[in-house]
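A.B. asks: First to last, the protein sequences are chains A and B.
Per the working numbering, residue 1 is the first one in the first sequence, and the count goes up by one each step.
Per the working numbering, residue 1 is the first one in the second sequence, and the count goes up by one each step.
Computed cross-link-like contacts, SDA-like style, restricted to lysine to any residue with a CA-CA straight-line distance of at most 25 Å: (1) B/Lys-130 / A/Glu-172; (2) B/Lys-97 / A/Ala-224; (3) B/Lys-130 / A/Gly-36; (4) B/Lys-130 / A/Gly-135; (5) B/Lys-130 / A/Ala-34; (6) B/Lys-130 / A/Glu-205; (7) B/Lys-130 / A/Gly-182; (8) B/Lys-130 / A/Asp-194; (9) B/Lys-130 / A/Thr-179; (10) B/Lys-130 / A/Gly-175; (11) B/Lys-130 / A/Thr-181; (12) B/Lys-97 / A/Asp-225; (13) B/Lys-130 / A/Ala-176; (14) B/Lys-130 / A/Glu-133; (15) B/Lys-130 / A/Ala-35; (16) B/Lys-130 / A/Ala-191; (17) B/Lys-130 / A/Leu-228; (18) B/Lys-130 / A/Gly-150; (19) B/Lys-130 / A/Pro-180; (20) B/Lys-130 / B/Phe-25; (21) B/Lys-130 / A/Asp-184; (22) B/Lys-97 / B/Asp-158; (23) B/Lys-130 / A/Ala-195; (24) B/Lys-130 / A/Asp-178; (25) B/Lys-97 / B/His-159; (26) B/Lys-97 / A/Pro-44; (27) B/Lys-97 / A/Ser-226; (28) B/Lys-130 / A/Pro-229; (29) B/Lys-130 / A/Leu-177; (30) B/Lys-130 / A/Gly-196; (31) B/Lys-130 / A/Ser-226; (32) B/Lys-97 / B/Val-117; (33) B/Lys-130 / A/Gln-187; (34) B/Lys-130 / A/His-204; (35) B/Lys-97 / A/Arg-219; (36) B/Lys-130 / A/Arg-214.
Everything labelled a hint here was simulated from the structure, so no lab data went into it.
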Amino acid sequence: MSFDPVVRLAGVSRVHGDGPQAVAALREVSLDVAAGELVAVMGPSGSGKSTLLNLAGGLDRPTSGEVVVEGRPLSGLSAGDLAGLRRRHVGYVFQDLNLIPSLTAAENVMLPRELDGVRMGQARREAMAALEEVGLAEVAGRFPEEISGGQRQRVAIARALVGERRLILADEPTGALDTPTGDDVLQLLRARCDAGAAALLVTHEPRYAGWADRVVFLRDGAIADSTLPLESAR
Amino acid sequence: MAIRQGLLALLSQGPRYGYQLRAEFEASTGATWPLNIGQVYTTLSRMERDGLVAPGEQDDQGRVVYTITEAGRAEMERWFGTPVAQSDRPRDELVIKLAMAVTAAADVRPVIQAQRVATMRTLQELTRAKRASVAGPAQRLVLDSMIFQAEAEQRWLDHCEAVLTASPQTQERQT
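From just these sequences and the hints, can you work out the full model?
C.D. replies: Here you go:
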């Protein structure tokens with residue numbers, strides 16, 4: 001295992017528009033997330049939280065600065081290579097779960113692996129393992145509308161975890177879930193980090209940020225404060 | 001103070017020695033409220049005076065078993081049946097500090113930011129303690145309470161910042 005961070009943002013800025021209308025969504029943000037680390041990003045709306053997440057996952061490109069995922073600078077990658085890197089290394093969990101309603105839980109989790117070109121039998125085995133990990137093996141054959149909101153969110157997490165993804169990006173993953181169910185979601189992210197993944201969690205809920213090793217406060221597109229990492233007692 | 005009622009609640013489960021009461025009190029409250037043995041015996045002797053508990057014979061090691069009385073049970077039930085009054089809670093230094101900072105026209109923002117980082121740190125530590133905890137439901141609920149309080153404080157700090165940013169008074173001061 002290397003000591004390089006799984007994701008590194010180095011002096012990253014993102015400006016929307018140009019000239020006098022230009023708006024800086026992110027200004028000179030530098031942030032490393034190492035394997036095993038769960039970093040929470042907090043801040044008022046419009047402070048750049050989601051922009052930061054999109055840049056870290058290669059869904060958006062910075063105006064200046066560099067994003068490095070698993071040692072590969074994203075600026076040098078073609079659109080095709082970037083898409084490949086996203087699929088293989090990055091798992092996304094969003095508030096609106098984006099599960100495909102016509103596919104079963106297992107098929108939803110298999111999908112990214114099938115897109116990677118993994119054979120169906122293998123993809124199914126990996127999907128079952130990921131569903132097992134989130135405690136949902138028994139609903140693998142059900143459709144999203146047949147399971148609870150909390151279960152749907154866990155399926156979305158299984159989909160983000162399937163395969164060898166080491167970078168997990170979660171944008172308000174607890175959405176409208178009640179407190180115990182939201183705690184379950186954080187428990188899963190935490191366990192995945194303890195097993196060696198790196199996760200960036202955007203949340204406006206202090207209680208969920210409390211699960212992180214480090215909490216970064218964004219304000220007006222810049223890092224205003226951050227808690228020191230807790231001594232590793234995991 | 002709730003020490004005496006807490007001890008009564010423990011004694012309602014059966015007679016106990018003083019040292020047992022102390023251990024059980026701390027186990028239930030997750031060591032958030034450490035009692036020293038002196039406090040336990042002082043409280044027990046006052047409760048004995050008030051007829052809420054009755055001591056048994058001293059055993060050969062000089063230990064005394066205490067038993068709850070009917071009056072003690074009634075006091076415990078009265079306690080459980082009465083909501084905690086807001087005025088019985090200690091004042092919150094942070095609230096006073098921020099109010100004073102605003103009144104004295106000090107720069108409130110660094111006060112808020114420093115507190116936010118400190119409170120978040122507390123929240124991280126509490127969350128870790130809860131994850132590591134193998135204790136029973138009483139301790140878990142105590143930890144949950146502390147987590148909710150830290151969370152509320154964090155939300156309140158965000159609120160303070162938003163209100164002060166929007167307030168024309170503070171904006172004038174900043175310019």
